[in-house]
Structures are given as structure tokens and as C-alpha cells.
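For the sequence shown, UniProt numbering begins at 1 and goes up steadily by one.
Everything labelled a hint here was simulated from the structure, so no lab data went into it.
The C-beta atom is built at its ideal place from N, Cα and C for all residues, glycine as well.
One thing to keep in mind: the hints can contain errors.
[What the hints assert, rightly or not] Okay, the calculated beta carbon distance ranges per label pair:
| hint | residue 1 | residue 2 | range |
| --- | --- | --- | --- |
| 1 | M150 | S254 | 22 to 30 Å |
| 2 | M150 | H229 | 24 to 32 Å |
| 3 | V134 | E347 | 17 to 25 Å |
| 4 | M150 | Q339 | 47 to 55 Å |
| 5 | A125 | F259 | 28 to 36 Å |
| 6 | R166 | L115 | 52 to 60 Å |
| 7 | S254 | K155 | 25 to 33 Å |
| 8 | Q339 | E393 | 17 to 25 Å |
| 9 | I100 | Q339 | 30 to 38 Å |
| 10 | D245 | S331 | 25 to 33 Å |
[Unchecked claim] Derived DSBU-like pairs: lysine-lysine, alpha-carbon spacing no greater than 30 Å straight-line:
| hint | residue 1 | residue 2 |
| --- | --- | --- |
| 11 | K359 | K372 |
| 12 | K122 | K160 |
| 13 | K350 | K382 |
| 14 | K398 | K382 |
| 15 | K389 | K403 |
| 16 | K334 | K372 |
| 17 | K283 | K273 |
| 18 | K160 | K334 |
| 19 | K380 | K398 |
| 20 | K155 | K25 |
| 21 | K160 | K350 |
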Amino acid sequence: MPRNHLPAASTLRNRNRITNKTRLKIHHGSLDVDAVLIPDEDEEKHRLTNLVAGVDAEDANRSMVAEHHLQEVLSAAHRASTSIRLSREKPGVPPPSAYIPTPDSTGVVDNYEELYPPNKWKDPATYVATSQTVEESISNGIANGFTYYMDERDKEWLDKNNEEARGEGTSAQGAVSSASGTRTSARSAKAKGKEPDTSQPVVISEDEFELVMGVFEKVTHERTEYLHHGLETGMEFPAFSEYQDVFSTPLPTSMFATFVVPSWIPAQPALLKIAKAVYPYWKERRVERGGHRIIPTLNGDESDTLNESYICFRRRESKAVRKTRAQQVTSSDKLARLQLELNYPLELAKSILVRETLKKENAIQAQALWEKRQAFADLKRKFPSLNDKIDEELLVDKERPVKKPEVARLGGLKIRTDHQASTPRPEIIIRPKERVAMIREQIESQLARQKDIDHHWDDQIDVRFHL
């Protein structure tokens with residue numbers, strides 16, 4: 001009788017498992033059921049891959065369509081394994097084999113040396129290094145980044161100024177009237193204590209214009225660094241008289257990045273006229289900028305904590321690299337260790353040189369001493385009356401007493417004594433007769449005590465306890 005199976009919680013794996021105790025139903029005759037499709041292993045793997053791929057399935061299909069050569073090769077390899085058995089049964093012409101087209105890599109280009117010359121020069125860009133700043137690399141650059149560069153607006157003003165200075169495009173009468181009007185206005189303005197708004201045009205070159213504009217920018221930054229804040233509070237713009245002393249004296253070398261004053265700079269009177277002509281235009285440009293520099297600059301001041309987010313090229317603390325392997329040791333560490341290793345033989349060689357030098361000096365002094373003793377002996381032989389026993393000691397070197405090497409003694413056991421302890425009591429002096437009597441008395445008392453202890457024993461010995 002079959003055993004009843006109790007229903008229990010089972011997983012899908014246990015539910016589909018068939019054992020010798022599983023009940024199976026037997027059907028007889030034909031059954032109207034769908035044909036069972038057993039998928040191929042390759043198709044099943046492809047289906048599972050597409051399920052896992054998810055969104056990437058479309059990309060995978062596009063790549064497979066594009067790589068049709070690869071598909072043909074894989075299909076041909078699959079067909080080759082199945083066609084071996086058929087070819088044995090029915091031989092025939094083998095189909096053309098599929099392959100992946102690749103460019104020919106075995107050929108040699110005829111003009112290879114022209115395309116890739118062997119001795120072509122390569123610029124060693126990594127070996128080139130310089131310590132010059134940007135201002136030092138610029139010819140005639142002003143220090144601290146105040147070099148001025150002309151723009152299109154400056155070019156238009158400079159061309160117009162040079163045309164007016166040369167009298168081009170105006171009549172002679174207009175030029176004279178303009179000159180007389182300028183002198184009159186200047187004289188009247190000077191009488192009122194003010195500076196003239198217009199100045200007489202002077203022929204100015206581009207280098208001179210950039211130099212004067214740069215000097216204006218540098219002097220303004222040094223004297224009134226916060227000019228833009230002053231203009232906001234109603235402060236007047238600096239007059240030309242504040243810059244007149246700069247252009248009326250030779251420009252210092254510290255104003256230029258290379259500490260060299262250019263040779264093409266005009267003399268002080270001519271430079272002062274150029275500065276007077278350029279000042280109104282520079283003032284106009286500076287006022288338009290709200291008192292800031294005409295050419296904006298990057299804020300690299302790290303101490304400006306209020307505008308920290310606008311600071312350029314801020315430093316970041318570099319983390320120390322943890323060296324856990326010997327390959328990570330830098331070349332500087334290797335060179336430092338090599339220097340220490342080479343210093344030891346160098347010091348050893350220096351010590352040997354000093355030792356040999358002392359030996360040489362000792363030999364020279366010994367030879368000189370021997371010659372002096374020889375002359376002294378000849379003198380005593382020539383004059384025997386001068387002989388003296390004390391002088392004979394000078395002819396022989398005294399042997400130095402050899403110091404006996406100290407034998408290292410083993411340290412014995414040291415008993416620490418209490419220095420603060422009281423001194424022991426002195427023993428009482430007893431005469432020898434009294435000492436012998438005391439010893440005999442002690443012996444007899446011991447024998448008597450022993451006799452009392454042995455009174456319950458039978459004495460079978462011949463020698464009694466007596467002396």
C-alpha cells in the first residue's frame with residue numbers, strides 16, 4: 001500500500017522534483033496536446049542574456065546587426081560541427097568559408113622612410129624650463145602686472161590725436177585758432193586755480209602710449225588703491241598734478257620688471273607733454289570703469305576672505321602620499337640615501353690621508369733627529385773632554401713604559417650597608433682560661449640534658465656520655 005504524502009510547504013525546486021515515491025499518471029492512446037518545444041542551449045543563453053541586459057538589449061542588437069561578418073563566422077563555425085557527419089555520408093563540394101575582413105598588415109609601404117624618417121628631430125619640450133615671470137618675458141614690461149595693452153578704442157583715439165598733432169584734415173587757420181583758443185583757455189583756467197580740461201595734442205607712438213597708460217595705472221594703484229570706493233563716496237578723481245612729479249623725473253628701474261629702463265623712452269619734458277595729452281583720455285576710461293583698473297585683473301589674494309569665492313588659483317593642501325611599496329620611493333629619497341652611503345667612504349679616505357700625512361711628518365722628523373745625533377756624536381769624538389754621561393742619553397730613544405692592560409674584574413656581590421645604622425656593640429674581652437671553662441660548662445650541660453632525655457632507654461653501649 002503506498003504511503004500517504006502529507007502536504008507540506010515546498011519550493012519550486014522540490015515541487016518539480018521526481019523521486020521513486022512520486023505518483024505519476026499514465027495516459028493511454030493519442031493525446032491532443034501542444035508540441036513540446038525544447039530550446040537549443042545557444043538560443044536559451046541568448047534569451048537569458050537579453051532578459052538581463054534590459055535597456056541595453058537594443059544597443060546589443062544594433063551592434064550585432066552592424067557586425068554581420070562576426071555573425072557569419074559564428075554561424076559557419078556552428079554549421080561546420082554539424083556538417084562533418086553529413087560529409088562523411090555524402091561527400092560534396094565544401095561551401096566557401098566565412099571570414100572577418102581585416103586590413104593587410106603584411107605589406108610594406110614604399111615611401112615608409114619619407115612618412116616616418118628615422119632621424120627626425122624631436123623638440124625636448126620636457127627639458128625646457130625657465131624661472132622668468134610673465135612680466136620679465138615681456139619686453140619693457142612694467143612690474144607687478146601693470147603692463148598696458150592697447151585695444152581698438154585706444155587705437156582710434158591715438159590715430160585721431162596724431163592727426164590733430166600733425167595738422168592733417170584741418171586748415172591752417174583752424175589749427176592756429178584751435179592753438180590760440182587752447183592757450184587762452186589754459187591761461188584762464190590757470191588763473192582760476194584749475195587745470196585745463198583739454199591739452200595740446202602731441203605725436204605719440206604706440207609704445208609710448210602703452211608706457212604712459214601703464215605708469216598711470218601703477219601710480220594710481222600705489223597711492224589710491226581703493227579709488228573705486230572713494231568715487232562711490234563722492235571723492236574727486238586725482239588731478240594731473242599728483243602724477244606730474246612722476247613724469248618730470250627719470251623713471252626708476254624698480255618700475256620695470258627687468259629693472260632696466262628702456263632706451264627709447266623720451267626725455268622728461270617730452271614725456272611730461274605726452275602724459276598731459278593722455279591724462280584726459282585715461283581719466284575718461286577709468287571713470288567708466290568706476291575707478292577700477294581699465295584692464296580687469298584676477299584676484300589672487302588668498303587673504304581676502306570676504307571674496308573667497310572669487311579668488312583665482314587658490315592653493316589646496318596636498319595629501320601626503322602613503323608609501324607602502326619599495327616602487328613608490330621617489331628619486332629624491334634614493335639620491336639622499338646614495339649620498340649618505342657615499343659620504344662614509346669619503347670620510348674614510350680623508351682619515352687615511354690624515355694618517356699617512358702624520359706618518360710622513362714623523363719619518364721626516366726622525367731622519368732630522370738622526371742627523372743631529374750623528375753631528376753630536378762627531379763633535380764628542382772630536383773633543384773627548386766634552387764627554388758626559390748625561391749627554392749619552394740624548395743619543396738613544398728612551399723606551400716608553402708599556403702600560404699593562406687592566407684586567408676586567410668580575411663584579412662581586414655587593415651588599416648594601418645602611419650607613420645610618422648604629423655601630424655594633426664592642427665584644428667583651430674574655431681571658432682564654434675563662435673561655436675554656438665556659439665551653440666545658442656548656443658541653444656538660446648538653447650531656448646532662450641528653451642523659452635525661454634517654455633515661456627510659458637501656459644503655460648497652462660501652463662508652464658513656466663523658467669526656
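In ascending order, which of the hints set out earlier in this document are inconsistent with the structure? 3, 8, 9, 10, 12, 13, 16, 18, 20, 21
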